[in-house]
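Sequences listed follow chains P and E, in order. Mapping the first sequence onto this note's numbering, position 15 (from 1) lands on 133, and the numbers just tick up by one. Mapping the second sequence onto this note's numbering, position 61 (from 1) lands on 498, and the numbers just tick up by one.
You may find that some hints are simply not true.
[Unchecked claim] Mimicking DMTMM-like on lysine to aspartate or glutamate, the simulated pairs with C-alpha atoms at most 20 angstroms apart in a straight line are:
(1) K442/E to E472/E
(2) K151/P to D486/E
(3) K503/E to D212/P
(4) K151/P to E472/E
(5) K151/P to E488/E
(6) K232/P to E472/E
(7) K231/P to D515/E
(8) K231/P to E184/P
(9) K151/P to E519/E
(10) K232/P to E525/E
(11) K232/P to E519/E
(12) K443/E to E522/E
(13) K151/P to D515/E
(14) K151/P to E522/E
[Unchecked claim] Now the in silico label distances, taken between C-beta atoms and shown as ranges:
(15) Y239/P to D446/E: 45 to 55 angstroms
(16) A445/E to Q190/P: 16 to 26 angstroms
(17) E478/E to Q190/P: 44 to 54 angstroms
(18) E122/P to N471/E: 22 to 32 angstroms
(19) A500/E to E122/P: 48 to 58 angstroms
(20) E478/E to K208/P: 33 to 43 angstroms
If you're looking for bench data, these hints aren't it; they were derived computationally from the structure. All C-beta atoms in this analysis are idealised placements derived from N, C-alpha and C, irrespective of residue type, glycine included.
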Amino acid sequence: MVNEIEVRALPENLQDVLDFVDEQLEAMGAPRKLHLQMEVATEEIFVNIAHYAYAPDTGMAIIRAETDCDNQQISISFMDEGKPFDPLAKPDPDVTLSSSDREIGGLGIYMVKKRMDDMQYEYRNGKNILTITKGF
Amino acid sequence: MLNIKKKADGTTLVLALTGRLDTNTAPDLNNAVNESIEGVESLIFDFKDLEYISSAGLRVLLASQKIMNTQGSMVIRDASEEIEEIFEVTGFADIMTLE
């Protein structure tokens, strides 16, 4: 089953996006733990789009959720028409550094990478498309 | 939505959080820490009622840890299992004190 929403990519619209993702997970009967993991992943990706894709302007984001109830899997694609940007190309932060040496940034995408079963990026027809997939 | 309850006792400061620490509420925590951090030797975050944390929240914790490294200690108490897992994945469990 496929559902999608389109929202202006602004941090204040984050809750609408999280509600949408939660609805898809509820419909699948996904466990609570998965809700939290998907919410964090959604926040990290959506907030990146909100902050960087169209800066200094704003623009739209489409969030498409594909749920596979038989295989208990959900795929969420985040699409924007902003600057081409591959978040997977960034090197991971060094998570072994001490607190004084740790950098403040770089955690968001890393957290998503570690928790999702799969993550794909492509730039097609003028759109950044980031897809995360997780099963339970 | 994030509710922050401050309790100061001498040089100990306890911040009890209720709700969600995300991109929209993290600045509130950052302000709460910066407002009261002077002279604090023991900073304690009570996570018993914290339901959710994203990287925005982790960033505030890291900034707080860096400050406390120079003036005392910082502890995070009673984080839920899911939140502890986030700490593990990001290596924060190694650089912060969780009780």
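Now the hints, each set against the structure:
Note on K442/E and E472/E: the hinted pairing holds, with a Cα-Cα distance of about 13 angstroms set against a maximum of 20 angstroms. Our distance criterion of 20 angstroms between C-alpha atoms is met by K151/P and D486/E, whose separation comes to about 16 angstroms. Between K503/E and D212/P the CA atoms are separated by roughly 17 angstroms; this keeps the pair inside 20 angstroms, and the hint holds. A C-alpha spacing of about 34 angstroms is found between K151/P and E472/E, which places the hinted pair above 20 angstroms, so the restraint is violated.
Between the alpha carbons of K151/P and E488/E the distance comes to roughly 11 angstroms, so the proposed pair stays at or under 20 angstroms and holds. For the suggested pair K232/P and E472/E, the alpha carbons sit about 34 angstroms apart, so the restraint of at most 20 angstroms is broken. Of the pairs offered as hints, the one joining K231/P and D515/E is violated, with about 26 angstroms between alpha carbons and a cut-off of 20 angstroms exceeded. About 19 angstroms separates the Cα atoms of K231/P and E184/P, which keeps this hinted pair within 20 angstroms; it holds.
This hinted pair checks out: K151/P and E519/E have alpha carbons roughly 7 angstroms apart, not beyond 20 angstroms. Restraint check: the Cα-Cα separation between K232/P and E525/E comes to about 11 angstroms, which is no more than 20 angstroms; the hinted pair holds. A C-alpha spacing of about 14 angstroms is found between K232/P and E519/E, which places the hinted pair at or below 20 angstroms, so the restraint holds. For the hint pairing K443/E with E522/E, the CA-to-CA distance comes to about 26 angstroms; that exceeds 20 angstroms, so the pair is violated.
Taken as a hint, the K151/P and D515/E pair is honoured in the structure, with Cα atoms around 17 angstroms apart against an allowance of 20 angstroms. Taking the CA atoms of K151/P and E522/E, the gap is near 11 angstroms; set against the 20 angstroms cutoff, the hint holds. For the pair Y239/P and D446/E, the beta carbons lie near 49 angstroms from each other, so the given range of 45 to 55 angstroms is met. For A445/E and Q190/P, the Cβ-Cβ distance of about 48 angstroms falls outside the hinted range of 16 to 26 angstroms, so the restraint is violated.
E478/E and Q190/P have their C-beta atoms about 49 angstroms apart, which keeps the hinted 44 to 54 angstroms range intact. Look at E122/P against N471/E: about 40 angstroms separates their beta carbons, and that is not inside 22 to 32 angstroms. Remark: the range hint 48 to 58 angstroms for A500/E to E122/P is contradicted by a beta-carbon distance near 36 angstroms. Hint check: E478/E to K208/P, Cβ distance near 37 angstroms, so the stated range 33 to 43 angstroms holds.
Going through the hint list in order, the structure does not satisfy hints 4, 6, 7, 12, 16, 18 and 19.
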